[in-house]
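Going down the list, the sequences are from chains A and B. This note's numbering puts the first sequence at residues 1 to 141. This note's numbering puts the second sequence at residues 1 to 127.
Since the hints were derived computationally from the structure, they do not count as laboratory data. Beta carbons: idealized from backbone N, C-alpha and C, even for Gly. Some hints here could point you the wrong way.
[What the hints assert, rightly or not] Computed list of chain B residues with no C-beta within reach of chain A, every gap over 12 Å: (1) Leu-5; (2) Ala-6; (3) Phe-7; (4) Leu-9; (5) Phe-10; (6) Lys-77; (7) Thr-78; (8) Asp-79.
[Claimed, not checked] Facing chain A, from chain B, some residues (calculated, C-beta under 8 Å): (9) Leu-26; (10) Ile-30; (11) Pro-37; (12) Glu-104; (13) Leu-116; (14) Ile-117; (15) Val-119; (16) Gly-120; (17) Leu-123; (18) Ser-127.
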Amino acid sequence: MKFIFKKKLTARIFALLVFMDILETATHLCFKKSVLPEGGFYVANIVDLITFLKAAFFSPFLWLGLLSVLVTFVMWSTVLSKIDLSVAVPVCSFSYVLVPLVSIFFLGEQVNMLRWAGIFFILCGVIFVSLSSQEKEAAHP
Amino acid sequence: MKNELAFILFLIAVSSSFDTITQVILKGAINKLQFSPSANILKILRFILRIVSIPRVWISFLFSALSLCVWLFVLSKTDLNLAFSLDSMHYIFIASASKMVLKEKVGLKRWLGTMLIVVGIVLVTLS
Chain A
1 MKFIFKKKLT ARIFALLVFM DILETATHLC FKKSVLPEGG FYVANIVDLI TFLKAAFFSP
61 FLWLGLLSVL VTFVMWSTVL SKIDLSVAVP VCSFSYVLVP LVSIFFLGEQ VNMLRWAGIF
121 FILCGVIFVS LSSQEKEAAH P
Chain B
1 MKNELAFILF LIAVSSSFDT ITQVILKGAI NKLQFSPSAN ILKILRFILR IVSIPRVWIS
61 FLFSALSLCV WLFVLSKTDL NLAFSLDSMH YIFIASASKM VLKEKVGLKR WLGTMLIVVG
121 IVLVTLS
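Kindly produce the complete structure, drawing on both the sequences and the hints.
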């Protein structure tokens, strides 16, 4: 039996992609917190390096970050087994919409016209890309 | 100053290309598996084990690490907003590579959507 890929972007895959994006941001924050102590670090010699690596190794944030990388990889692979790469990657740009919107509604940030225009462009782009994935399904029933 | 900007642009292009290579190798390997897990933890785990047992996938991890190194170097050199707005060329790379290497059908609608996203990201990050 030949396996046929379903390439339609469903709401579930979309939600998975958005969640994955948020997780990826969390990963970056975790790594930043684990590796960079306040005030920066300066590695001058091997003893400093060992101290630095030891501190990083025992930091819970490092392990949290690695776990989050693992989960992201599992989710990303699962998504890629279901839809085209040229659909999955553009849809990930939805985080560029999500972050400003969250900062507007929860942090009361001021947003200028240019940024609104950008948000609008990205939204339109994501809609077009999603539509193109539905079209394909219809062409090959 | 102009030289420096060109250098940053070059580095971002390198980082984006490496990430594109990562994604294309991974997607190619997954396509070859011809298997898509359902919402079942055991099936997903088996799927992941099958992916990581493909040698090519480890090469893609290497490219991913390289891409991250170059990207971190870029971030240490330049303004965050500028870096993110220039990084939007990544989407064009991915669409082209998907079309040429993976033979995905990137039609007019998908190109239009990708271009709109690129313009949008430039507007959001530079504003």
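To see whether the hints hold, each was checked on the structure:
{"no.": "1", "hint": "Leu-5", "result": "holds (21 Å)"}
{"no.": "2", "hint": "Ala-6", "result": "holds (25 Å)"}
{"no.": "3", "hint": "Phe-7", "result": "holds (24 Å)"}
{"no.": "4", "hint": "Leu-9", "result": "holds (20 Å)"}
{"no.": "5", "hint": "Phe-10", "result": "holds (22 Å)"}
{"no.": "6", "hint": "Lys-77", "result": "holds (16 Å)"}
{"no.": "7", "hint": "Thr-78", "result": "holds (17 Å)"}
{"no.": "8", "hint": "Asp-79", "result": "holds (17 Å)"}
{"no.": "9", "hint": "Leu-26", "result": "holds (7 Å)"}
{"no.": "10", "hint": "Ile-30", "result": "holds (5 Å)"}
{"no.": "11", "hint": "Pro-37", "result": "holds (6 Å)"}
{"no.": "12", "hint": "Glu-104", "result": "holds (5 Å)"}
{"no.": "13", "hint": "Leu-116", "result": "holds (3 Å)"}
{"no.": "14", "hint": "Ile-117", "result": "holds (3 Å)"}
{"no.": "15", "hint": "Val-119", "result": "holds (5 Å)"}
{"no.": "16", "hint": "Gly-120", "result": "holds (3 Å)"}
{"no.": "17", "hint": "Leu-123", "result": "holds (3 Å)"}
{"no.": "18", "hint": "Ser-127", "result": "holds (4 Å)"}
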